[in-house]
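Given next are the chains, with one letter for each unit.
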Amino acid sequence: MGTENVLVRMDGICKEFPGVKALDNVDFTLRHGEIHAVCGENGAGKSTLIKVLTGVEHNESGKIYLDGVAISPKTPMEAPALGISTVYQEVNLCPNLSVAENIFIGREPIRNGKIDWKEVNKRSEIALAKLNLKLDVSGRLDEYSVAIQQMVAIARALDISAKVLVLDEPTSSLNKIEVANLFRIMRKLKSEGMGIIFITHFLEQVYEISDQITILRNGQLVGQFETAKLDRLQLIAKMIGKDLAEFEKTIKEDVRDAGAAANEDAFYQARNLGQQGSINPFDIKIGKGEVMGLAGLLGSGRTESARVIFGIDEPDSGETEVDNKKVEIKTPADAIRLGFAFCSENRKTEGIVANLTIRENIILALQGKRGMGAYLSHKEQEEIAEKYVKLLNIITPSIEQLVGNLSGGNQQKVLLARWLATEAELLILDEPTRGIDIGAKAEVQKLVLQLAADGKAVLLISSELDEMVRCCSRMAVYKDKQKIGELKGAEISEINVMKTIAGGQK
Amino acid sequence: MESRKKMDKRLIDNQLFWPLFALAVLLVFDFFYLKGFFQIEIVEGHLYGSLIDIVNRATPLMFMSIGMTLVIASGGIDISVGSVLAISGAITAIMIGGDLVFVDGVQHHVAHYPMAVAILVALVAAVVGGLWNGLLIAKLGVNAMVGTLILLVAGRGIAQLIVDGNVITVYYEPFFYIGSGFFLGLPFSIYLVAAFLALIMWLVKKTAFGLFLEALGSNRVSSRFTGLNVQKIMWACYAISGLCAGIAGIIVASEVKSADANNAGLFIELDAILSVVLGGNSMAGGRFSVIGSVIGALVVQTLTTTIYAVGVPPEVTMVVKALVVIVIYLIQSQMGMKTLKTPAASAGEGALKAGEAKS
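Residue numbers (the working numbering), protein chains in the order written: chain A, 1 to 506; chain B, 1 to 359.
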């Protein structure tokens with residue numbers, strides 16, 4: 001472990017956002033031919049560390065060395081020029097341009113004052129061939145799956161420069177085979193001496209691919225470890241700074257309680273509910289005090305069902321009953337009036353209002369329910385916001401902080417707080433733990449069970465089967481925009497869900 | 001020192017700082033370059049002077065900037081206000097008109113219809129114009145620029161139809177009071193603005209309208225998912241904007257004692273948008289300050305008055321105005337970002353010099 005092999009060194013990096021110390025004296029070392037995982041909860045500072053390295057954010061103190069030379073990238077354009085390429089969490093490409101255009105956008109080869117398209121296409125094919133991909137590079141990017149788009153982003157990054165490759169959550173939209181493919185490429189690049197920084201929430205992937213792990217917590221460095229010498233439990237414990245075993249235990253106990261509490265008293269019932277093109281008619285019943293799960297693969301119709309139930313997409317068939325009374329739900333406002341709540345899976349675009357404060361975000365739905373006239377006084381608003389900030393353990397210096405400044409997990413909690421404040425009877429939670437860290441995840445899961453124990457009806461959607469199994473007392477399984485079965489009680493297990501999906505009609 | 005810095009920072013971070021700063025710079029310039037600019041005389045119990053004049057002349061623009069602020073906060077824009085102004089003016093003028101009658105051998109002018117009715121019809125027409133915009137944009141989802149462009153073009157045609165292509169002169173004394181009367185020493189229209197501003201501030205601060213509007217302007221999808229009636233709120237914004245333009249149209253008609261469907265409120269929508277921007281509001285929608293826009297309107301009017309007063313040749317006034325606006329805008333955005341890093345004083349000098357150079 002000599003210093004001669006060091007590719008990137010970051011020394012004592014500090015970065016402060018209004019009211020939050022995002023990075024506090026963090027060190028980081030990346031060697032040639034190394035895949036280095038950066039782990040930590042949301043808000044730990046992983047993304048900020050990457051952004052400092054790639055010139056998106058500027059560190060207030062500390063130094064960055066690349067191959068022993070001090071660098072300080074000022075813009076995201078400078079870093080690639082130095083040899084640092086990044087593939088960001090959300091695919092940062094133009095869906096309406098061709099694959100080749102996306103790979104060469106901003107640096108098209110020019111001949112005789114015109115873009116040399118032949119050259120662009122040829123070099124794009126070569127760049128993709130390195131990733132074992134053969135595409136029609138003149139096809140529009142959005143004709144390809146998200147996984148391919150992700151690969152194109154990587155091809156672009158590699159084509160720009162190839163000393164350091166930063167991958168920020170590259171696998172969150174990929175399936176197993178695609179992940180395996182990506183890993184194969186990462187290993188190949190590694191063998192060519194490239195340093196790869198890999199950020200992910202999937203711990204299994206950390207162990208599968210990485211050589212070193214750097215752990216951050218609350219903007220501080222916990223330490224750098226050799227992957228082989230750090231077991232999973234230790235890693236998780238270091239990330240959340242708590243004893244994991246205890247966490248697991250409390251969750252399991254709560255589950256048992258919730259299972260017992262479920263009863264036959266239906267809060268919501270729908271027959272033949274559907275909307276042409278998005279979800280085939282289905283029946284569903286959600287009881288008070290139970291956690292009903294909607295399981296299925298991405299695009300199976302689980303989110304579409306939730307949207308129809310909540311009135312985001314107006315149903316074109318079926319009837320609904322709430323508390324055994326016939327109702328019509330055509331808009332979210334109708335649903336909210338009946339005591340529904342809906343946390344969208346797209347937290348940023350359909351959930352929080354980033355430009356408003358925590359206080360405003362929390363009271364928004366309640367105020368919407370009360371109407372324009374009955375405006376909550378500033379004091380009432382503060383009381384409500386303070387109450388939920390405390391209850392859900394939202395980490396913020398003040399309730400007047402803009403929600404956009406919070407970490408993903410805290411944003412999710414603000415969103416939950418918004419609906420809890422309306423005292424909703426039916427909570428529809430679509431991927432409430434997506435993209436948030438283990439600690440917050442456990443807290444959200446606990447909250448879900450707590451809500452059910454308090455007699456609320458909960459409709460839970462999650463791609464993480466273990467989470468569904470842990471929380472749900474009943475489960476509807478979806479496939480190809482159709483409800484194909486229902487599991488309850490002891491039947492609920494990961495293997496049964498998979499069997500149901502695989503077997504089609506149960 | 002530390003606390004002093006903090007206070008400075010809070011001051012500069014305040015959205016109203018830069019609009020007020022721009023206004024102050026313009027006034028300081030006027031103080032040095034225009035003799036008697038700050039003189040206020042009392043004639044027959046009425047206050048006269050350039051300052052009063054600016055505020056008085058700015059009233060139509062202030063009204064429109066209030067409406068425009070709400071529309072822009074909702075994530076839209078309303079470029080039809082100039083035409084709505086013309087429609088409202090045309091209706092008022094044609095309905096009041098003024099007939100010469102002799103009562104006991106003395107000449108009198110009487111209105112065709114009672115003045116209150118005329119004004120009411122004009123305002124209703126203006127609101128209907130706003131609702132039309134709302135129908136296109138909030139209900140049918142037409143792009144705001146395109147949607148209001150329709151009324152921008154059609155509205156002026158409607159106004160011309162109403163006056164049958166003529167300039168309608170009004171001969172009815174009481175009507176003139178709105179645009180050029182005095183109340184307790186000050187122009188009457190200033191009280192109108194103050195009252196309307198108070199009403200809007202009440203709506204924005206004391207009801208949830210302001211919160212809903214900011215939520216909607218920042219994230220329309222989440223606002224809908226949160227149960228807000230997005231359409232209704234947008235519709236209300238365009239209706240209010242129409243109402244503002246309607247009131248402005250009445251004031252303008254009363255001021256010039258006539259209605260000119262061709263020229264009344266021509267290009268005023270641009271000044272209204274400019275007022276909103278100079279008031280520190282984002283064109284992207286979301287957070288807004290109505291007060292900021294009103295100050296912005298005063299900046300625009302002060303600038304216009306100043307340019308005329310220093311004797312810029314009429315052919316280039318628009319160019320000079322544009323240049324000064326660019327300077328003000330740059331200072332606002334640049335300085336807003338760098339806040340304390342650049343001393344405010346040097347920026348002030350810069351603006352002043354720019355103003356000098358152009359005049």
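These are computed hints drawn from the structure, not numbers from a lab.
The reader is advised that the hints may include incorrect statements.
Now the stretches of chain A that chain B is said to cover, found in silico as 3 or more residues with beta-carbon under 8 Å [as the list claims (entries may be wrong)]: (1) 21 to 35; (2) 372 to 384.
The calculated lysine-lysine pairs, modelled on DSS-like cross-linking and capped at a C-alpha distance of 25 Å, are [stated by the list, open to error]: (3) B:Lys139 x A:Lys387; (4) B:Lys232 x A:Lys330; (5) A:Lys369 x B:Lys321; (6) A:Lys379 x B:Lys35; (7) A:Lys330 x B:Lys139; (8) A:Lys390 x A:Lys379; (9) A:Lys446 x A:Lys379; (10) B:Lys257 x A:Lys369; (11) A:Lys379 x B:Lys206; (12) B:Lys232 x A:Lys348; (13) A:Lys74 x A:Lys134; (14) A:Lys325 x A:Lys348; (15) A:Lys390 x A:Lys369; (16) A:Lys387 x B:Lys232; (17) A:Lys114 x B:Lys205; (18) A:Lys369 x B:Lys35.
Since the structure is predicted, the reported quantities are computational estimates derived from the model, not experimental observations.
The beta-carbon is built from N, C-alpha and C at its ideal position, and this holds for glycine as well.
Hint check results:
1. Check result for the region 21 to 35 of chain A against chain B: violated, 0 residues qualifying (beta carbon to beta carbon below 8 Å, three or more required).
2. Here's how the region 372 to 384 of chain A fares: 5 of its residues keep a CB closer than 8 Å to some CB of chain B, so the rule of at least three is met and the hint holds.
3. About 38 Å separates the Cα atoms of Lys139 (chain B) and Lys387 (chain A), which puts this hinted pair outside 25 Å; it is violated.
4. Distance hint between Lys232 (chain B) and Lys330 (chain A) is fulfilled; the C-alpha atoms sit about 16 Å from each other, no more than 25 Å.
5. With a C-alpha separation of about 47 Å, the suggested pair Lys369 (chain A) and Lys321 (chain B) falls outside the 25 Å cut-off, and the hint is violated.
6. Between Lys379 (chain A) and Lys35 (chain B) the CA atoms are separated by roughly 51 Å; this puts the pair beyond 25 Å, and the hint is violated.
7. For the hint pairing Lys330 (chain A) with Lys139 (chain B), the CA-to-CA distance comes to about 16 Å; that is within 25 Å, so the pair holds.
8. For the hint linking Lys390 (chain A) to Lys379 (chain A), the alpha-carbon distance of about 16 Å falls within 25 Å, and the restraint holds.
9. Proximity of Lys446 (chain A) to Lys379 (chain A) is assessed by CA-CA distance (about 30 Å); at most 25 Å being required, the pair is judged violated.
10. A C-alpha spacing of about 48 Å is found between Lys257 (chain B) and Lys369 (chain A), which places the hinted pair above 25 Å, so the restraint is violated.
11. Of the pairs offered as hints, the one joining Lys379 (chain A) and Lys206 (chain B) holds, with about 13 Å between alpha carbons and a cut-off of 25 Å not exceeded.
12. Restraint check for Lys232 (chain B) and Lys348 (chain A): the C-alpha separation of about 24 Å stays at or below 25 Å, so the hint holds.
13. Distance hint between Lys74 (chain A) and Lys134 (chain A) is unfulfilled; the C-alpha atoms sit about 36 Å from each other, more than 25 Å.
14. For a cut-off of 25 Å, the pair hint linking Lys325 (chain A) to Lys348 (chain A) is broken: about 35 Å separates their Cα positions.
15. Straight-line distance between C-alpha atoms of Lys390 (chain A) and Lys369 (chain A) comes to about 23 Å, which keeps the hinted pair within the 25 Å bound.
16. Between Lys387 (chain A) and Lys232 (chain B) the CA atoms are separated by roughly 31 Å; this puts the pair beyond 25 Å, and the hint is violated.
17. For the hint pairing Lys114 (chain A) with Lys205 (chain B), the CA-to-CA distance comes to about 56 Å; that exceeds 25 Å, so the pair is violated.
18. As the CA atoms of Lys369 (chain A) and Lys35 (chain B) are separated by approximately 58 Å, the hinted pair breaks the 25 Å bound.
Figure legend: structure checked against the earlier numbered hints; hints not met, in rising order: 1, 3, 5, 6, 9, 10, 13, 14, 16, 17, 18.
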